[in-house]
Amino acid sequence: MAKQDLIAELGRFLPPASILTEDEDLKPYETDGLTAYRQTPMLVVIPETEEQVGQILKTCHRAGVPLVARGAGTGLSGGALPLADGVLMSMARFSRILHLDPLGRAARVQPGVRNLAISEAAAPHGLYYAPDPSSQIACTIGGNVAENSGGVHCLKYGLTVHNILKLCALTISGEAIEIGSEGLDSAGYDLLALLTGSEGMLAVFTEVTVKLLPKPERAQVVMAGFADIEHAGAAVGDLIAAGIVPAGLEIMDRLAIQAAEAFVHAGYPLDAEAILLCELDGTNEEVSEEIGRVREILTAGGAVSLRTAQDEAERLRLWAGRKAAFPAVGRISPDYYCMDGTIPRGKLPWVLNRIKEMSREYGLRVANVFHAGDGNLHPLILYDANAPGELERAEAFGGKILELCVRAGGAITGEHGVGVEKINQMCVQFNPKELALFHGVKEAWDGARLLNPGKAVPTVHRCAEFGAAHVHGGKTKFPDLPRF
Amino acid sequence: MMEPLIESFREAVLQAAASGQPLCLRGSGSKDFYGGAPQGAVLDLSPHRGIVHYEPKELVLTARAGTPLGEIERALHANRQMLPFEPPSFSPSATLGGCVASGLSGPRRAYQGAVRDFVLGVRMLDGRGDELRFGGQVMKNVAGYDVSRLMAGSLGTLGILLEVSLKVLPRPAEEASLGFEMDQATAIETMNRWAGQPLPLSATCYDEGRLTVRLSGAASAVEAARRRLGGEPVENGTAFWEALREQRLAFFAQGQPLWRVSLPPASAPLDLPGRQLIEWGGALRWLSGDIDGQALRGAVEQRGGQATLFRGGDESGDVFHPLSSALLEVQRRIKRAFDPHGIFNPGRMYRAF
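Going line by line, the protein sequences match chains P and D.
Heads up: the first sequence runs through residues 1 to 484, numbered per this note's numbering.
Heads up: the second sequence runs through residues 1 to 353, numbered per this note's numbering.
Certain hints may be false.
What the hints assert, rightly or not - Under the rule of at most 20 angstroms between Cα atoms (straight-line distance), these lysine to aspartate or glutamate pairs were calculated in the DMTMM-like manner:
1) P:Lys58 - P:Asp85
2) P:Lys215 - P:Asp228
3) P:Lys156 - P:Asp132
4) D:Lys57 - D:Asp32
5) P:Lys400 - P:Asp335
6) P:Lys156 - P:Glu285
7) P:Lys347 - D:Glu55
8) P:Lys433 - D:Glu11
9) P:Lys156 - P:Glu217
10) P:Lys58 - D:Glu329
11) P:Lys356 - P:Glu392
12) P:Lys433 - D:Glu174
13) P:Lys58 - P:Glu175
14) P:Lys215 - P:Glu296
15) P:Lys433 - D:Glu73
16) D:Lys57 - P:Glu230
17) P:Lys215 - P:Glu312
18) P:Lys356 - P:Asp384
19) P:Lys347 - P:Glu357
20) P:Lys433 - P:Glu465
21) D:Lys57 - P:Asp335
22) P:Lys156 - D:Glu55
23) D:Lys57 - P:Glu296
24) P:Lys156 - D:Glu174
25) P:Lys433 - D:Glu55
26) P:Lys400 - P:Asp446
27) P:Lys400 - P:Glu357
28) P:Lys58 - P:Asp5
29) P:Lys356 - P:Asp335
30) P:Lys27 - P:Glu50
31) P:Lys433 - D:Glu329
Treat the hints as calculated values from the structure; they're not laboratory data.
Source: prediction; values computed, not measured.
Bound conformation, chain D alone (with noise of 0.2 angstroms):
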């Protein structure tokens, strides 16, 4: 016997498989700015909410996909646990599933993992209205295709997230951030050599001059590798990566088109007009302006990386960084066999599917 509400969500996959009328799926919309344009008519799917499961000792939390993370939040906090990837919600009522679906990490994510790398299982509902599971609650598990990552960042094209299992992990006892003024080509140097070296690092962010960094772990270790690094002390350390997480500082703040470029990390700066922030040791680079995309994709693509229209700009063309056509042609596949009627987001992340 099925819950009602997921009774529901089949009834309505059904109804669209039927009349071809595509679903635009939803938990909270807080990342409806994120990709192609949101089509179809909305399946809501935050009324399925609530944690399932969460045993700290285990270090797995399972939840409805519906889930304020939030609540999330919360529950690992009261047992000083977290989520390691550290998702940006953008909004107080972002959802588990549209942290999944979106594949988003914050600022942990180069010294702890992303999103999909604490993924452990899912439970969807596919274009047919069939109900799935895949993976589990436990920490391996190889048996068959790793459907369940990559549900991560497939932007809900794939199927509905009814329930996600996550491991998580403790919180470090003690975190410090530390500032230093450099030049981008050092900063992303020093970035890189540090990160080479056993020291606690959890999170990197150059912007305007200065290079921030937090240490996280024991405290001894912590206050070890202080006196190492050098630098300044970063007043409220933990709001300021806060404000980086949800894209609050002020270089975010410019209502410019916004570029996401991933670049392997010791890429030299990009020579490009905008400005630009830079996180995750080098990784991953912000850049605001109006740019001409198809110049940024090429000189990003040159270096080994691709970039992403994050927000703003002109949003009719590729958001994502254009696949080549063996690739375009399997993804296409892919999205066939688990939605043969493309009702799920179409569109959302390329136009293909």
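So that you can see chain P by itself, here it is in the shape it has in the complex (with noise of 0.2 angstroms):
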């Protein structure tokens, strides 16, 4: 169908004002949080209404014009990227908490409502929503779910799928389908966790049902400094032997201390090699016997500096030196290329100094913060995108992280997605008959390829190619905003 002509169809139910046509409207969503591609996109539509959100498919079905769903644009993996001959939709409209159960400890909100507003509007009920991606000021609930987001408290917590109820979503012909149940049992195949991490590949949503936890009586945190990483790395494994479930655990590495120190002046030892931070959380009771286990187990694994957070302006400044470590790399260097692998956690020292040896290899920096607890690297590249070949050599250092992950028996995106970035490398952790159930699934939902194509599973014609393709890297869009 001509752009024109699909115009006027959409005119028929939305108003004018819900349809952008004009370049100068169209540029603020030719990207996401992975800013390296852009792309314009035919059209883009604001839907208020459900209904108008059921038009726009049944209109893009009937002719066969691509659409990609889109929340606040903050994801890393393109997921978002809009297509030339599409249409891109905005739900930033449905923005509003439906309804908030204080004894059934449930949400219902629209999908443009942000991550931190659940938490926020349960808060007085003394309850939270968990998942907490650090960009989680901006994200929406309707991209963590088509995400699966993550955050730093998973290992105790979960991901996005443990932490949902129930879905109302549109599949591709307009048709209203409701997924999961507050009640705990869904009948029929699980499609809640089908969906959660499909990249608006399957279906679009238009309401989202949270599961609220009370908040946590206590949080307090450790920080152990240690000589080097491997000492860090096992401790983490010493914790978890001793069956001591941290809210959050993660590590940060040399480079990463010096440069979160000096951008946020958290208190971070700057002789550390590395540095493990692990929260507790629970009853006041707990925590208190659980913070003695946890010195005794971590000094008994050669830390050589101990520090427990007295108050909540302590932890919270442990924690802004993690949680901007990603802008405080960039200060250091003109450009950094955020990765994302998992591995099992004993890999660890194995993985790091494969990194190691790599970032000798490429020339090139490599600062390391990861969710240790979760096995969830986050490598990042330092490099300089005026230096001739240097971003080329950062994206074939990248790519050659993410397949060591895969080699060492993890995966090639832990949390962001795949999106366009990890598209090459989903070769390399499936096979083609793997991939092809995906393709069948796929067409389960979607089988005239409509919602947003071309991302997260790569067709085998693709795979064949690969190698020679050229993997493509990214700067972050929102350099200020928390990250990971």
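Using the hints, put the two chains back together into the complex; each one sits in its own frame.
Here it is in structure tokens:
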């Protein structure tokens, strides 16, 4: 369908202000958090009602026009990258919390509600929504579900998939479906699990019901400094073997510590090769008991310095350094490329040593921060885009790190999604038959392949060509937004 | 090179696909009663057993699907760890594969999560006889659709589970159970109110006018909560929760059809005939008696819930809560993507597939 005809069709049910067609209006939508990729969409629609979303989907379906749904656009893998011949649908106006049930501990919200807004609304009842991606002040719950977002508390509280109860969604043909239940059983296949992390490829969410948890009575953090990163990694295993499940368990290496300390003055030990931040939460008694045990285990594990936050202000300061690690690294290098792989924790020393070797081979520095409890690495490759060949080297190095994660028995993405960024590495993680099954799942929902086509799952043909393919990296779009 | 046992499974799949004769996938058969009546030639998956990898420091266990649950629980117990979803066995020979395929979780479910929440990865054979792996042995993995969680509760209709990787957790250092006499409405309100407070709750049950709760965690936390909540200590709490999980309490021994009703937890008491037992803080309500299924489903649906005919009764109708036509259609197509010839456990979940 020609652009003008499509605009006329959409104009039957959308007010003119809800359809953007001029270049200067389309520009803000050309990229998400992965700004190395830019594409102006054919047009942008900004519906306000579920009925309008249904009509948009039906119109695109009839006309065979692809559609990409978008929340806040903070995603880091290009999942909301528009298509030149497609419609970009912003869900920004679906920003209402529809119902909050303090006794039943659930909130029914529209997809454009910001992650943090849910916890803010629940706070008067002593409740909160657990998954806390570091971009939580900006990112929306619809995008969180699409990407199965994580955060720093996943080891104890899980990912998005563990914290949502129900979804209302529309299929590409505009049909409304309800998936999951506030009751905990759900008849049939677990489509809630299938849709969570489906990167906008299967359906468009119109409502999300999330689980709310009681706010822990107390949270406290212990920081341990180590003379080498291997000991920090081993200490993580020691804590877990001792039966402790910390709420957060993070490691930063020397370069990340130096950058973060210079940026936020968190009070990190500058002589340490690695620090471990271990947060415990629960009842008052529980935290007191466990803090003592954690200190003993870390000391026995070779910690050279140990500090327990004495008050909430100190706890937040210790976390501020961690949460600002990315912008902090941005201050010591013109550009950086953030990776997101996961590995079995026991492989940490081996993987880190390989990364160190590769860092020398590629001639690029790497700062490491990771969700150590989950084995989720975020190596930051430092480069200068203005230096000839550095961007390409950084991209090639990043691709090798992901392949290393797969070799170690891990995955190419822990929480950022595949999007367009890691589509080639999907060929490393999955064989052609597994990819064919993913395509079968896609077809079960969207036979015409109109929802966010070309993302997340590569064609077998593309994989055959991978190797010659160019793997792109990206600078982030929101340099000041806390990350990971 | 495929292992000989897997090769034999694959041959059975290829033969079934060629002949159109369906397969009844079975571990130990301990959950044969659950879902639509088993049909087809039995393919015994229990010989494919054994723990493949268990590293307590990783909190991950990988085992072949035919491994007895008991063997897994013993291995975990020896390392002071556990399956956090506390699955029912219903038989000493119950297997890991059956546990995952049935998707059934026990008393801890409302507080720690369900089977599907702890599945990290699977190795499986699809209806083409292809060996596939999804997920892995890591806590976080968002590459591709989450097929491994989809396998939980799919009742063997999507493929043959060969291996499953699970997240496991440390056993709580201390547990204590408390009993309180109260009426049903008060019990529902109480369970929900407590669940909204930072208390170390790990199970709740209301039966015969008595609310029983379990506290799990650090010794000091359990002790503090016990002082705060009051109630009477329950002698031999461990045995009580095991009897609840395995459905050996008197409530389950009535020989009447047993309905499993899932509701938003704070829903008011169901004013329906038959006896009731409540678990999961109000989210799971068992109804025992000669109940009109259609009337029950109507009443439950109005409250945003659903009802499954769990045991006994007329299983010729829908055992599981009927799906909307749009949802049924999408599920039928998903089934076809995995099992194009319709050979795995037909009718076990819905008659349409």
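Hint check results:
1. P:Lys58 - P:Asp85: holds, 17 angstroms
2. P:Lys215 - P:Asp228: Not OK: Lys215 (chain P) and Asp228 (chain P) at ~35 angstroms, beyond 20 angstroms, violated.
3. P:Lys156 - P:Asp132: holds, 12 angstroms
4. D:Lys57 - D:Asp32: Since the Cα atoms of Lys57 (chain D) and Asp32 (chain D) sit roughly 35 angstroms apart, the hinted pair is violated (cutoff 20 angstroms).
5. P:Lys400 - P:Asp335: holds, 19 angstroms
6. P:Lys156 - P:Glu285: holds, 18 angstroms
7. P:Lys347 - D:Glu55: Holds. Lys347 (chain P) to Glu55 (chain D) sits at ~12 angstroms (cutoff 20 angstroms).
8. P:Lys433 - D:Glu11: holds, 18 angstroms
9. P:Lys156 - P:Glu217: It holds: about 15 angstroms lies between the C-alpha atoms, which stays within 20 angstroms.
10. P:Lys58 - D:Glu329: holds, 18 angstroms
11. P:Lys356 - P:Glu392: holds, 19 angstroms
12. P:Lys433 - D:Glu174: violated, 47 angstroms
13. P:Lys58 - P:Glu175: Given pair Lys58 (chain P), Glu175 (chain P) holds - Cα atoms ~9 angstroms apart, limit 20 angstroms.
14. P:Lys215 - P:Glu296: violated, 27 angstroms
15. P:Lys433 - D:Glu73: violated, 34 angstroms
16. D:Lys57 - P:Glu230: Status holds; Cα separation ~15 angstroms.
17. P:Lys215 - P:Glu312: holds, 15 angstroms
18. P:Lys356 - P:Asp384: Within the cut-off at roughly 19 angstroms; holds.
19. P:Lys347 - P:Glu357: Since the Cα atoms of Lys347 (chain P) and Glu357 (chain P) sit roughly 16 angstroms apart, the hinted pair holds (cutoff 20 angstroms).
20. P:Lys433 - P:Glu465: holds, 17 angstroms
21. D:Lys57 - P:Asp335: violated, 36 angstroms
22. P:Lys156 - D:Glu55: Distance ~18 angstroms between Lys156 (chain P) and Glu55 (chain D) Cα, so the pair holds.
23. D:Lys57 - P:Glu296: holds, 17 angstroms
24. P:Lys156 - D:Glu174: holds, 18 angstroms
25. P:Lys433 - D:Glu55: Violated. Lys433 (chain P) to Glu55 (chain D) sits at ~30 angstroms, over the 20 angstroms cutoff.
26. P:Lys400 - P:Asp446: Cα-Cα ~33 angstroms, so violated.
27. P:Lys400 - P:Glu357: Distance ~12 angstroms between Lys400 (chain P) and Glu357 (chain P) Cα, so the pair holds.
28. P:Lys58 - P:Asp5: Holds. Lys58 (chain P) to Asp5 (chain P) sits at ~15 angstroms (cutoff 20 angstroms).
29. P:Lys356 - P:Asp335: holds, 19 angstroms
30. P:Lys27 - P:Glu50: violated, 25 angstroms
31. P:Lys433 - D:Glu329: violated, 24 angstroms
Consistency note: the structure conflicts with the earlier hints numbered 2, 4, 12, 14, 15, 21, 25, 26, 30 and 31.
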